[in-house]
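Here is what each chain is made of, one letter per residue.
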Amino acid sequence: MDPRRAARTVIDPKVRQVGFFTPAVPPQRSQSVTVAVDGGGSPSPPMSDLSAASNSLSPVMIPPPRHVSVPVAVPAPLSPLRRESLTSLPVGSYNPSESLLGTSPLLSPSSRMDGSEFTEDVSPSAWGGRGGSAKVASSFPGSGGEMMAMKAGSGNTFQPKSSLTTASVVKMPPGVSVKNKGASVESPHERDGGPGAKPKEKMSKAERRALQEEQRAAKAAAKAAGEGRKPTSAAASAGAEQGKTAKPSSQKKDTAQVTGNVATQDKKGVDRPPEKDRKKEVPPPRMQFDDKSRVEKAKRRAVVNQSEARNIVELFRHLPQYIHGTQLPDLESKFFQLDPMHPSVYKVGLQYLAGDISGGNNRCISMLLAFRDAIRDYSTPPEKTLIRDLTAKISSYVSFLIECRSLSISMGNAIKFIKNRIAKLPLTLSESEAKSSLQSDIDHFINVKIILADKVIVSHAVTKIRDGDVLLTYGFSCVVEMILLSAHELGKQFRVVIVDSRPKLEGQKLLRRLVGKGLRCTYTHVNAISYIMHEVTRVFLGASSVLSNGTVYSRVGAACVAMVAHAFRVPVLICCEAYKFHERVQLDSICFNELGDPDVISEVPGRADLNHLYNWADNENLQLLNLTYDAMPSDYVSVIVTDYGMIKSQKIR
Amino acid sequence: MALSAVIRTSEATTMMELEIELKRASDALKSSDLTSISLSAGCDLFMRYVTRTKALEYEDFDAAKTRLMERGEKFGELSLRARKTIAMLCQDFIFDGCTILVHGFSRVVLEVLKMAATNRKLFRVFCTEGRPDSTGIRLSNELAKLGIHSKLLIDSAVAYAMDEVDMVFFGADGVVESGGIINMMGTYQTALVAHSMNKPVYVAAECYKFARLYPLDQKDLAPALRPIDFGVKVPPGVEVETSARDYTPPQYLTLLFTDIGVLTPSVVSDELIKLYL
Numbered sequence: 001m002d003p004r005r006a007a008r009t010v011i012d013p014k015v016r017q018v019g020f021f022t023p024a025v026p027p028q029r030s031q032s033v034t035v036a037v038d039g040g041g042s043p044s045p046p047m048s049d050l051s052a053a054s055n056s057l058s059p060v061m062i063p064p065p066r067h068v069s070v071p072v073a074v075p076a077p078l079s080p081l082r083r084e085s086l087t088s089l090p091v092g093s094y095n096p097s098e099s100l101l102g103t104s105p106l107l108s109p110s111s112r113m114d115g116s117e118f119t120e121d122v123s124p125s126a127w128g129g130r131g132g133s134a135k136v137a138s139s140f141p142g143s144g145g146e147m148m149a150m151k152a153g154s155g156n157t158f159q160p161k162s163s164l165t166t167a168s169v170v171k172m173p174p175g176v177s178v179k180n181k182g183a184s185v186e187s188p189h190e191r192d193g194g195p196g197a198k199p200k201e202k203m204s205k206a207e208r209r210a211l212q213e214e215q216r217a218a219k220a221a222a223k224a225a226g227e228g229r230k231p232t233s234a235a236a237s238a239g240a241e242q243g244k245t246a247k248p249s250s251q252k253k254d255t256a257q258v259t260g261n262v263a264t265q266d267k268k269g270v271d272r273p274p275e276k277d278r279k280k281e282v283p284p285p286r287m288q289f290d291d292k293s294r295v296e297k298a299k300r301r302a303v304v305n306q307s308e309a310r311n312i313v314e315l316f317r318h319l320p321q322y323i324h325g326t327q328l329p330d331l332e333s334k335f336f337q338l339d340p341m342h343p344s345v346y347k348v349g350l351q352y353l354a355g356d357i358s359g360g361n362n363r364c365i366s367m368l369l370a371f372r373d374a375i376r377d378y379s380t381p382p383e384k385t386l387i388r389d390l391t392a393k394i395s396s397y398v399s400f401l402i403e404c405r406s407l408s409i410s411m412g413n414a415i416k417f418i419k420n421r422i423a424k425l426p427l428t429l430s431e432s433e434a435k436s437s438l439q440s441d442i443d444h445f446i447n448v449k450i451i452l453a454d455k456v457i458v459s460h461a462v463t464k465i466r467d468g469d470v471l472l473t474y475g476f477s478c479v480v481e482m483i484l485l486s487a488h489e490l491g492k493q494f495r496v497v498i499v500d501s502r503p504k505l506e507g508q509k510l511l512r513r514l515v516g517k518g519l520r521c522t523y524t525h526v527n528a529i530s531y532i533m534h535e536v537t538r539v540f541l542g543a544s545s546v547l548s549n550g551t552v553y554s555r556v557g558a559a560c561v562a563m564v565a566h567a568f569r570v571p572v573l574i575c576c577e578a579y580k581f582h583e584r585v586q587l588d589s590i591c592f593n594e595l596g597d598p599d600v601i602s603e604v605p606g607r608a609d610l611n612h613l614y615n616w617a618d619n620e621n622l623q624l625l626n627l628t629y630d631a632m633p634s635d636y637v638s639v640i641v642t643d644y645g646m647i648k649s650q651k652i653r
Numbered sequence: 001m002a003l004s005a006v007i008r009t010s011e012a013t014t015m016m017e018l019e020i021e022l023k024r025a026s027d028a029l030k031s032s033d034l035t036s037i038s039l040s041a042g043c044d045l046f047m048r049y050v051t052r053t054k055a056l057e058y059e060d061f062d063a064a065k066t067r068l069m070e071r072g073e074k075f076g077e078l079s080l081r082a083r084k085t086i087a088m089l090c091q092d093f094i095f096d097g098c099t100i101l102v103h104g105f106s107r108v109v110l111e112v113l114k115m116a117a118t119n120r121k122l123f124r125v126f127c128t129e130g131r132p133d134s135t136g137i138r139l140s141n142e143l144a145k146l147g148i149h150s151k152l153l154i155d156s157a158v159a160y161a162m163d164e165v166d167m168v169f170f171g172a173d174g175v176v177e178s179g180g181i182i183n184m185m186g187t188y189q190t191a192l193v194a195h196s197m198n199k200p201v202y203v204a205a206e207c208y209k210f211a212r213l214y215p216l217d218q219k220d221l222a223p224a225l226r227p228i229d230f231g232v233k234v235p236p237g238v239e240v241e242t243s244a245r246d247y248t249p250p251q252y253l254t255l256l257f258t259d260i261g262v263l264t265p266s267v268v269s270d271e272l273i274k275l276y277l
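Just so you know, the sequences run in chain order A and B.
Letter 589 of the first sequence, counting from 1, is numbered 589 in this note's numbering, and no numbers are missing.
Letter 62 of the second sequence, counting from 1, is numbered 62 in this note's numbering, and no numbers are missing.
Treat the hints with caution; some may be incorrect.
Restricting the straight-line Cα-Cα distance to at most 30 Å, the calculated cross-link-like pairs of lysine-lysine (BS3-like) are [what the hints assert, rightly or not]: (1) Lys151/B <-> Lys84/B; (2) Lys455/A <-> Lys84/B; (3) Lys274/B <-> Lys455/A.
No wet-lab data here; the hints were simulated from the structure.
Produce the complete structure using the sequences and hints provided.
Given below as structure tokens:
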């Protein structure tokens with residue numbers, strides 16, 4: 001334990017662990033609690049300021065757990081711990097979305113209460129539901145202790161690099177939760193793998209090696225104890241491996257890593273040390289990884305087939321690589337074979353994959369409607385309780401959706417909401433009552449948090465538009481479209497400049513709609529932003545999410561627009577519903593993002609003569625990077641318009 | 001004051017009616033001077049302050065009405081007492097031998113200086129002329145009566161004199177959500193100069209002046225126009241900028257002295273939320 005703890009002091013920018021965790025110790029509540037408590041007292045490792053959060057040695061108690069940073073099974077109800085005593089461990093079903101996104105934004109006391117309410121509820125029920133050890137185990141892998149510790153911290157919402165782990169967390173939870181169903185033996189493995197993987201990033205080489213030895217020993221023991229736990233082994237192997245030198249093997253790792261549910265955080269985290277080690281030529285003990293059968297099993301589990309990613313950009317290795325490829329026809333053919341998947345969910349997943357549905361609100365609404373259908377058609381299997389089983393089902397749907405396309409933050413918050421509602425169902429309700437209550441909850445969420453919120457935002461934002469204004473917007477945001485149309489209907493005279501960017505060219509959609517309604521529009525690409533900015537009076541941008549330090553997370557390119565607007569002293573208004581807020585803190589666009597299809601960059605549709613990047617994948621020195629989101633610092637934002645009113649971006653908390 | 005009189009004289013028999021009457025009265029007040037932010041903010045706050053008693057369940061309507069009246073009058077007293085509170089808070093910031101630059105004529109600032117003089121502090125005051133309202137002349141008159149040494153500057157001499165100045169004091173017509181202030185024309189200029197020369201800028205404002213506005217730039221305010229007399233006839237075809245007030249963004253203000261305490265501009269929105277909730 002100690003070497004592991006010391007090891008964690010090294011901060012690895014790629015993988016961050018927030019909070020305390022007890023890697024090899026079986027997750028016991030009291031222990032983790034004490035760990036958390038103790039952790040506060042220990043001296044912080046030299047390097048850390050950020051790692052303070054992630055390090056068990058840091059004296060800083062970790063802020064509200066909800067987060068992402070929890071590598072594995074982060075118990076959903078972090079806030080209770082934070083708020084109250086550390087009595088109830090949030091061990092509970094690990095919901096990917098929850099871990100991913102934490103509780104909903106806490107702008108107002110009421111919403112805060114809701115958030116905590118939800119999380120609180122989930123935890124006890126989750127805990128009780130799945131059986132203690134399994135749950136605990138699953139929730140702990142790598143981050144149980146952290147959770148506790150995090151809860152102990154109060155009010156400190158700064159999670160330095162939690163976002164980094166989000167990507168891996170996304171993969172992990174589905175795997176974990178799916179696996180949980182009865183893999184109690186797994187947990188030690190996972191825990192080993194998880195914590196092992198996480199801190200790996202931060203440890204020095206020697207420490208990593210030491211850790212690996214321990215893990216290998218543990219795994220060997222665990223393997224003897226329980227065979228056939230592919231996820232565990234995958235996790236374990238991910239955890240165990242280090243610095244493989246051969247590129248093919250690293251690619252294989254990536255493949256395995258990416259292969260859906262099993263791709264746990266560990267793998268991702270592990271990827272980094274292997275890379276580093278590879279460069280340093282440390283012979284990695286990769287015994288499990290070499291075990292082809294495990295990798296194959298992992299691949300088979302995945303619903304969506306992932307092909308190997310090509311020419312991965314170093315800096316973005318921690319993100320799930322884009323392996324879209326030819327999955328669509330593949331999935332389509334499987335439509336009638338996928339028994340566990342509800343058809344609406346499957347359909348929505350395919351639509352995400354194909355890019356038919358895009359945009360935070362759209363994706364969230366379509367996902368919620370699909371879940372509502374699924375709940376409507378759901379019937380509890382015999383000898384299972386509705387709460388637990390339905391939560392598990394939702395988790396499996398979520399993991400499928402993740403395979404199709406990474407969750408957006410709005411979706412994550414919505415998923416958390418659903419799981420909270422499910423967990424809060426009184427046990428006395430009959431199945432049909434419970435189902436109808438859930439369905440009405442979903443409807444209520446959509447109506448209040450999205451549709452009504454949009455109306456409020458429009459009414460606030462429209463007051464900021466005056467006659468003679470030239471408004472600039474970037475890409476396509478449904479809220480901004482509503483604002484512009486509403487202002488136009490009110491008779492205000494203004495011009496709109498739509499700035500667009502390749503490869504998605506979402507602005508064209510907005511252009512068509514506005515011109516159809518009679519607004520005067522100018523259309524340009526983002527290269528001309530500094531040229532056009534001098535005549536602009538206001539900039540309206542949408543957002544995928546607003547983080548707790550005021551950073552706005554939105555479509556790639558929006559940060560550029562905001563920066564140029566700031567330089568020209570043009571006010572920037574961000575229009576974002578409150579349900580999209582997130583407690584994460586993100587300082588750059590690298591630690592958490594989504595990678596898109598690199599092929600789209602290499603070609604310009606309609607210009608076959610621009611084929612210089614044909615066969616770019618063959619060139620070892622060439623890597624194409626297609627980011628989907630970027631993070632805009634709060635300094636560039638003048639005001640954020642939400643359904644709670646207009647607030648300064650630094651006041652999001 | 002007027003609004004509490006409305007409560008007293010109202011004959012409403014239910015809370016709703018009373019509220020409606022109050023609302024009508026406050027609207028009437030507001031419409032009498034469309035441009036005054038402090039008036040409308042004050043009215044809004046009064047309404048909220050008073051109607052908070054609705055949360056209390058009163059069986060007897062008359063008892064509730066009495067309570068409301070009490071609260072209404074209390075609000076009136078509070079605003080009068082606010083100036084004294086603010087003046088007391090400011091005393092620590094005025095040291096012996098300091099030079100204070102004041103722009104505009106604010107009774108709160110006057111109260112501050114009065115109290116400092118009473119406390120036998122030695123300081124001098126630079127008053128900007130404050131065209132077109134001649135606020136500088138009025139202020140230096142008052143200061144002379146108090147025996148405070150004062151010097152008049154024309155508005156353009158602010159940057160010239162800023163070297164000798166130790167701090168700048170403003171009142172405020174309104175304090176907005178971003179933490180900035182709306183005040184007489186020329187405030188923004190003075191604040192900019194002071195900021196660039198690293199002189200602290202203090203604002204003295206009662207808390208009822210906090211308004212739920214969020215101006216993004218100078219033109220985002222409701223226009224308040226005031227004709228300017230240039231002394232000579234303005235040639236035809238020449239426009240005159242007649243706006244009477246400007247918006248000073250929060251980054252140029254150091255501290256706000258209010259009756260709820262000494263605040264930094266960033267805290268204002270939190271306080272506003274507390275007030276208005």
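Comparing the hints with the structure gives:
{"no.": "1", "hint": "Lys151/B <-> Lys84/B", "result": "25 Å, holds"}
{"no.": "2", "hint": "Lys455/A <-> Lys84/B", "result": "44 Å, violated"}
{"no.": "3", "hint": "Lys274/B <-> Lys455/A", "result": "25 Å, holds"}
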